[in-house]
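K.L.:
One letter stands for each residue in the lines below.
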Amino acid sequence: MESVALAHPVALADVLDRPDIWRGDALSCAAVRAVASGFPALDAELPGGGWPTGALTEILPAHEGIGELRLLGPALARVREPLAWIAPPHLPYAPALAAAGIDPTKLVIVRAASEKDALWAAEQALRSNACGAVLVWPRRARYAELRRLQVAAEGARALGFVFRPREAARESSPAPLRVAVETDRGGLALRLLKRRGGPLASPILLAPMPPAARHRQSHVDRPSLPAPAARDLPARLAHA
Amino acid sequence: MRGVCAGMAASAALALVPSLRIAARDPRSESEALAGMAAWAGQFTPRVAIEPPATLLLEISGSLKLFRGLEALAGALRWGAAEMGYGTLIAAAPTPRAASWLAAAGHEKLVTDPAQIEAALAALPVSVLVCAKDELETLEGIGVATLGELRTLPRDGVARRFRRTLLDDLDRALGLVPDPRAFYAPPERFRAAIELPAEVSEAEALLFAARRLVVQLAGFLAARGSGVQRFALALAHRDREATRVEIGLSAAARDAERFTMLLRERLSALQLREPVRAVALEADDVTSLPGEEPELVFEKGRPPGQWQHLVERLRARLGAGAVHGVAVRAEHRPERACVLADPGAEQMHAYFGERPFWLLRHPKRLQEIGGVPHHEGPLELLAGPERIESGWWDGDDASRDYFVARASSEALVWIYRDRRGDGGWHLHGVFA
Numbered sequence: 014m015e016s017v018a019l020a021h022p023v024a025l026a027d028v029l030d031r032p033d034i035w036r037g038d039a040l041s042c043a044a045v046r047a048v049a050s051g052f053p054a055l056d057a058e059l060p061g062g063g064w065p066t067g068a069l070t071e072i073l074p075a076h077e078g079i080g081e082l083r084l085l086g087p088a089l090a091r092v093r094e095p096l097a098w099i100a101p102p103h104l105p106y107a108p109a110l111a112a113a114g115i116d117p118t119k120l121v122i123v124r125a126a127s128e129k130d131a132l133w134a135a136e137q138a139l140r141s142n143a144c145g146a147v148l149v150w151p152r153r154a155r156y157a158e159l160r161r162l163q164v165a166a167e168g169a170r171a172l173g174f175v176f177r178p179r180e181a182a183r184e185s186s187p188a189p190l191r192v193a194v195e196t197d198r199g200g201l202a203l204r205l206l207k208r209r210g211g212p213l214a215s216p217i218l219l220a221p222m223p224p225a226a227r228h229r230q231s232h233v234d235r236p237s238l239p240a241p242a243a244r245d246l247p248a249r250l251a252h253a
Numbered sequence: 002m003r004g005v006c007a008g009m010a011a012s013a014a015l016a017l018v019p020s021l022r023i024a025a026r027d028p029r030s031e032s033e034a035l036a037g038m039a040a041w042a043g044q045f046t047p048r049v050a051i052e053p054p055a056t057l058l059l060e061i062s063g064s065l066k067l068f069r070g071l072e073a074l075a076g077a078l079r080w081g082a083a084e085m086g087y088g089t090l091i092a093a094a095p096t097p098r099a100a101s102w103l104a105a106a107g108h109e110k111l112v113t114d115p116a117q118i119e120a121a122l123a124a125l126p127v128s129v130l131v132c133a134k135d136e137l138e139t140l141e142g143i144g145v146a147t148l149g150e151l152r153t154l155p156r157d158g159v160a161r162r163f164r165r166t167l168l169d170d171l172d173r174a175l176g177l178v179p180d181p182r183a184f185y186a187p188p189e190r191f192r193a194a195i196e197l198p199a200e201v202s203e204a205e206a207l208l209f210a211a212r213r214l215v216v217q218l219a220g221f222l223a224a225r226g227s228g229v230q231r232f233a234l235a236l237a238h239r240d241r242e243a244t245r246v247e248i249g250l251s252a253a254a255r256d257a258e259r260f261t262m263l264l265r266e267r268l269s270a271l272q273l274r275e276p277v278r279a280v281a282l283e284a285d286d287v288t289s290l291p292g293e294e295p296e297l298v299f300e301k302g303r304p305p306g307q308w309q310h311l312v313e314r315l316r317a318r319l320g321a322g323a324v325h326g327v328a329v330r331a332e333h334r335p336e337r338a339c340v341l342a343d344p345g346a347e348q349m350h351a352y353f354g355e356r357p358f359w360l361l362r363h364p365k366r367l368q369e370i371g372g373v374p375h376h377e378g379p380l381e382l383l384a385g386p387e388r389i390e391s392g393w394w395d396g397d398d399a400s401r402d403y404f405v406a407r408a409s410s411e412a413l414v415w416i417y418r419d420r421r422g423d424g425g426w427h428l429h430g431v432f433a
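Line by line, the protein sequences give chains V and C. For the first sequence, my numbering begins at 14 and goes up steadily by one. For the second sequence, my numbering begins at 2 and goes up steadily by one.
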């Protein structure tokens with residue numbers, strides 16, 4: 014093949030700078046107002062640099078209690094308007110929220126007798142544009158119902174978080190951001206299943222958060238205590 | 002004459018139109034409705050007089066500027082009355098009697114110039130002034146059909162042949178003699194009812210009737226410069242006691258749209274056991290409410306909503322207990338440190354140790370195998386114990402050692418060992 018020489022050599026960087034070329038690894042940063050999550054490693058990978066407002070974000074924890082709420086804590090503490098918690102699985106504990114920087118006076122907790130009521134309440138909370146964040150725990154939300162929530166969220170200034178079981182990761186969803194949360198050596202591994210812009214290949218690792226951080230016994234660098242001693246409950250209690 | 006006309010026997014009317022619906026006239030409810038409308042009309046002017054059987058007189062010279070002119074005011078009256086389900090004939094004149102005659106005759110004129118009254122009245126038929134049958138026959142006999150023609154007759158002749166007050170009434174209408182009226186004073190509390198034409202079994206269909214009453218309530222409140230924080234809709238059944246639907250607001254208001262929206266939410270969730278024959282609206286606590294500011298216009302995006310309105314709306318459909326907030330109390334016992342409260346309730350400031358985001362409503366008993374508490378596998382204790390001993394003074398004595406524990410799923414939970422009782426392990430919270 015003959016080599017073709019350009020009349021005027023053009024630098025590759027100049028070509029890539031042209032506005033009509035989109036690079037596949039560029040994140041969408043089109044007018045998404047976002048609230049910083051408080052974790053720089055996560056913010057770097059989120060479009061807009063934080064949790065998006067005016068849109069739904071799905072959180073799919075591997076198990077309840079691994080840190081899915083502690084993950085949102087810094088962002089919720091930043092929100093000044095009321096927070097709506099819809100059909101939470103347990104009672105949000107005010108002292109813990111206060112310690113995390115979330116003002117308990119801002120909480121509006123909705124107990125719904127049925128799934129339909131929970132989704133209706135979430136839609137009203139989003140549409141009213143009166144809340145800074147809406148967190149909803151549906152038991153079994155279908156695509157059409159989530160789509161309604163997404164439409165209600167658009168144009169509002171609220172963060173919208175939908176907590177779904179890990180099995181829901183296989184289903185398609187209208188939420189523009191889906192984050193699967195798993196544990197990894199005491200800390201969290203976040204896999205961005207879906208986001209505006211290109212997909213993320215490897216999970217984001219976050220350092221362990223309190224209380225795990227304070228009482229860290231990670232599997233990797235745990236000193237090799239004899240097993241019975243570590244589990245010697247009565248001995249530990251006796252020294253308490 | 003063909004067709005159904007007034008004075009015909011009911012059987013004759015039904016023979017002509019078999020599907021005719023005949024309702025008995027109820028003068029009492031008619032006068033109640035008229036009084037209700039007078040209270041509603043008070044929002045346009047404080048001077049409202051009732052002229053039975055079906056006329057309201059509103060003295061509006063002071064209201065023209067606020068309501069931007071006579072046509073706009075008449076339009077607002079017509080529209081508001083239509084919202085309440087009434088058709089109206091509206092006329093205006095410098096004297097009350099002339100206005101009343103113009104409307105009764107169906108001449109919807111708005112006469113503003115006193116010099117024009119004569120001309121406006123001239124075309125009216127004499128039946129607005131003369132009611133006695135023999136007098137009407139006399140006038141028909143001499144070929145007088147309109148008021149204009151009546152005025153051309155000599156006064157003393159008319160005074161001799163007809164009732165004495167006839168000429169006085171005519172003079173009052175023309176503005177030659179004063180015509181004072183007693184103005185209607187609205188009651189302190191609001192009560193209005195509508196009897197439904199047929200029994201209704203679906204709650205949502207009641208909204209149509211309820212909306213009429215809500216519009217009347219809003220007018221009544223606007224007339225008094227007041228608002229209500231609570232009102233009740235009573236649905237009357239044939240055999241059972243009336244069903245009451247109580248609506249509460251976060252603050253006193255008089256907005257018809259907001260009331261209707263709250264009623265809609267409540268009625269859509271209501272299960273009716275028996276059909277409803279009548280709907281009544283009651284509002285007792287009428288409190289003074291100064292005028293509201295007009296809404297500011299926002300250029301883009303939705304204007305920020307009020308979270309109190311959201312709470313009202315959610316409560317209207319899901320029940321008052323379904324929506325709440327939380328408040329911190331200075332209490333060592335964890336289940337008492339967080340209490341349910343109204344959203345936005347005042348908080349105490351207190352400092353606690355490590356606390357989980359979720360607290361279980363009732364601590365869950367855990368199985369102990371080999372000295373190790375189990376919850377979805379063996380639990381590994383990470384931190385603790387935090388000893389909490391409190392409450393001996395109110396009989397709910399608690400003495401517990403709390404630990405942060407890690408489950409086999411890597412979830413972090415908050416468990417305690419009860420030092421009283423049987424020393425069992427319980428799960429109390431989850432560090433979500």
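Note that these hints are calculated values from the structure, not bench results. Here a beta-carbon is modelled for each residue, glycine too, at the ideal position from N, C-alpha and C. The reader is advised that the hints may include incorrect statements.
[Claimed, not checked] So the derived list for chain V, only partly shown, Cβ under 8 Å to chain C, looks like this:
no.: 1; residue: His21
no.: 2; residue: Leu25
no.: 3; residue: Pro105
no.: 4; residue: Ala109
no.: 5; residue: Arg124
no.: 6; residue: Gln137
no.: 7; residue: Ser185
no.: 8; residue: Pro189
no.: 9; residue: Leu213
K.L.:
Could you check the structure against the hints above and give me the numbers of any it violates, in ascending order?
P.N.:
1, 2, 7, 8 and 9
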